[in-house]
Amino acid sequence: MEATAMGHADSHGHGHQPTGLMRWMTTTNHKDIGTMYLWFSFAMFIVGGCMAMTIRAELFQPGLQLLEPERFNQMTTLHGLIMVFGAIMPAFVGFANWMIPMQIGAADMAFGRLNNWSFWLLIPASILLVTSLFVPGGAPAAGWTLYPPLSVQLGMGMDLAIFAVHILGISSILGSINIITTILNLRAPGMTMMKLPMFAWTWLITAFLIIAVMPVFAGAVTMLLTDRHFGTTFFSASGGGDPVLFQHVFWFFGHPEVYIVILPGFGVVSQVISAFSRKPLFGYASMVYATASIAILSFFVWGHHMYTVGMPVTGQLYFMYATMLIAIPTGVKVFNWISTMWRGALTFETPMLFSLGFIFLFTMGGFSGLVLAMTPVDVQMQDTYYVVAHFHYTMVAGALFSAFAGAYYWLPKWTGHMYDETLGKIHFWLTMIFFNMTFFVQHFLGLAGMPRRIPDYALQFAEFNKISSIGAFGLGLSQLLFLYVVIKCIKGGPKAEAKSWDGATGLEWDLPSPAPYHTWETQPLVK
Amino acid sequence: MTQQGTHQGPYYYVPSPSYWPLVGALALLLLASGAVLWVNSYSPGPLVVFAGFAVLIFMMAGWFRTVIRESEGGLYNKRVDSSFRWAMSWFIFSEVMFFSAFFGALFYARVLSVPDLASVESQMLWPDFSAIWPNAGPGFKGNFSPMEAMGIPAINTLLLLSSGATLTWAHWGLLKNQRTQLTLGLILTIVLGLIFIGLQAYEYSHAYSAMNLKLTTGIYGTTFYMLTGFHGLHVTIGVTMLIVMLFRVLAGHFKPDHHFAFEGVAWYWHFVDVVWLILFVVVYWL
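Quick note, the sequences are listed as chains A and B, same order. Under my numbering, think of the first position of the first sequence as 3, with each following residue one higher. Under my numbering, think of the first position of the second sequence as 150, with each following residue one higher.
Since the hints were derived computationally from the structure, they do not count as laboratory data. Hints may be right or wrong, so weigh each one.
To be verified - What follows is a list of derived Cβ distance ranges for each label pair: (1) A280/B <-> H231/A: 25 to 35 angstroms; (2) F232/A <-> I392/B: 25 to 35 angstroms; (3) L152/A <-> W275/B: 21 to 31 angstroms; (4) P71/A <-> G288/B: 22 to 32 angstroms.
Unchecked claim - 30 angstroms max Cα-Cα, derived BS3-like pairs, lysine-lysine: (5) K529/A <-> K501/A; (6) K529/A <-> K197/A; (7) K529/A <-> K281/A; (8) K227/B <-> K325/B; (9) K529/A <-> K227/B; (10) K325/B <-> K197/A.
Bear in mind that the values here come from a model prediction, so they are computed numbers and not experimental data. C-beta atoms are modelled at their ideal positions from N, C-alpha and C, and glycine is treated no differently.
The task is simple: from the sequences and hints, build the whole structure.
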């Protein structure tokens, strides 16, 4: 098949390319938009991280030191919303923007202008979320899950959060439509579906999940809005509704959402481990099927978030077994990652270190998830710090570690320079140690009965909380080192080759480093 | 840097930089912050919301004008066309999921929450409450009449089904390049859609004035108005899009082999039609 050339509208108007700030505001280029997504995500990561450190500062010792209880709950709520929707999701959309067109041999994303809109919608949404701190009544304080009746009773900060969620929903749905269309329609000749890099595959499935569940979340917060202001009774028993209805609708979104957060990370780790083991990914096809299975199962397990809400035993049993089923495809993935490394020529550069940290810690998060999946156990653990520990092992050690792995892996491609390997490794070890210091002890706190979302606690929890708080500050400060490494890498460093890692595979490594502004204007032929 | 390659046309169209997305983000910022102010009774609320709508309409007019010019200018090849097809399909899927949340709420109320409120456990609180549907909940004082299926709603069903047929007939006209049939079919579809909206508005006002059926009439009023209201909003959007299509047809746009804008609107219209059929059965009829 003959390669065909593509045309850029901007090539017809040389010299009309906007520069400076206007370049970024009007761009339709997937690399520009990817860069903006990544910086936005890092900024939100810092904002959400400051909130986390505020929480940990309050919890450093028993008693109320820094925050009023309402402020504390506002901090946990905004920390959750900002980290999930402002930091982790945009980080992976940034990776998708940069890498998917280069990986599949496409000139750009399918819809350039729409792509830019998806990014710029994040700005109003984050303005609304952060503004909520300063309005009468303060930010939403019902937790990121926004359960009624509390969320129906809160002040106007809740309305800001509701509309922020609407805008974030539009942004991520449009972004996902763009990603799906790009992968399905713009692959280079010969790039069949089963030759797609794992990162593209996991994003294809993630995008499907986003399109399926973000509208449901939009529906849920719309019901909250009308219950708050227009007298509907979705969540009011006296009108024939039920607050538990919100939990069902929310978790129908919420459970797929946690896979939306983690699946692209699976893709990154699959590619990084294969590259630094210098072996093809073990069980590629089973990896694809496992990802799809996890996505499909995620629609049928939401009840495990609400075992204690007054669910019939039949429902509890169903959700328990269905949840445990997810361990099977997840186990397939972990098995495949380990088998990829088996008898490989391993080296331990920073992306590989983060990927190994990911496998080790995410698997622990998976196991504590299995513990929580058991109804009788969960009834004891519901809303304790054990749950907090569990989901931070998946969200931080899972999603965030894989995002770091991806950033170090592709930084040479983006900047044209190798990052400082020594500093990268120090960043990894600091993150690894402080992460476990922060969250491992929270398992013990939860098992001992410390509830989450509480600014004060009984004296017997003091030691572990002190350890956790010190760890949290260490974890937060270590990320400034990451910022330094990235800036240093952008400014200079050893010249990166086109194929920056000798074991790396994929079309992106056929392109020069740094990747030129427009790539694959002639589609490559994949054999 | 950009190479135009060989003598073949480009394989894909990548748009040049555009400020419309930024205008769109501003529109949503105004709409959202205005709505927050409005529902909390702060005076600039409505003003900010209207400003938001103005910016949104400006954005849509400008953005769509650009797209239409590019399309009529022949910049969209088959591959771009198939991108549009994928995107519209997934967009409609997202709409399906949005409606699912509200249908889910309706089923939950009818199957779980209302029967639970009449169960043995709740009898201490509300001894006289029985789980019949339509139901406005144990706290609702007064009477209301539910909406009958066989009056206006049945006529509306007929109208929407016919409009689906007239739109398909218009599409056939487009495919056979019979522009009169296309124009006539489109006009008929728009008229049927407008009558539907009119009847729906009449039904609402009748329900408010004569039946004591309001948005605040417990879970029945809640689900009735939210489901039919969001559907009505989608019909309005659909009619607006059909009117834009009519103007484009009159301006001589679309060819038998290049008319995805028309087809996408038709898909959307049929989707709205299907939602109505489900609504008619589970909200009005059963």
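Tested hints:
1. A280/B <-> H231/A: 25 to 35 angstroms: holds, 28 angstroms
2. F232/A <-> I392/B: 25 to 35 angstroms: Cβ of F232/A to Cβ of I392/B: about 29 angstroms, so the range 25 to 35 angstroms holds.
3. L152/A <-> W275/B: 21 to 31 angstroms: Since the Cβ atoms of L152/A and W275/B sit about 23 angstroms apart, the hinted range of 21 to 31 angstroms holds.
4. P71/A <-> G288/B: 22 to 32 angstroms: holds, 31 angstroms
5. K529/A <-> K501/A: Given that 30 angstroms is the threshold and the Cα spacing comes to 19 angstroms, the pair holds.
6. K529/A <-> K197/A: Cα-Cα ~10 angstroms, so holds.
7. K529/A <-> K281/A: holds, 19 angstroms
8. K227/B <-> K325/B: holds, 20 angstroms
9. K529/A <-> K227/B: Holds: K529/A and K227/B sit about 24 angstroms apart, inside 30 angstroms.
10. K325/B <-> K197/A: violated, 41 angstroms
When held up to the earlier numbered hints, the structure conflicts with hint 10 and nothing else.
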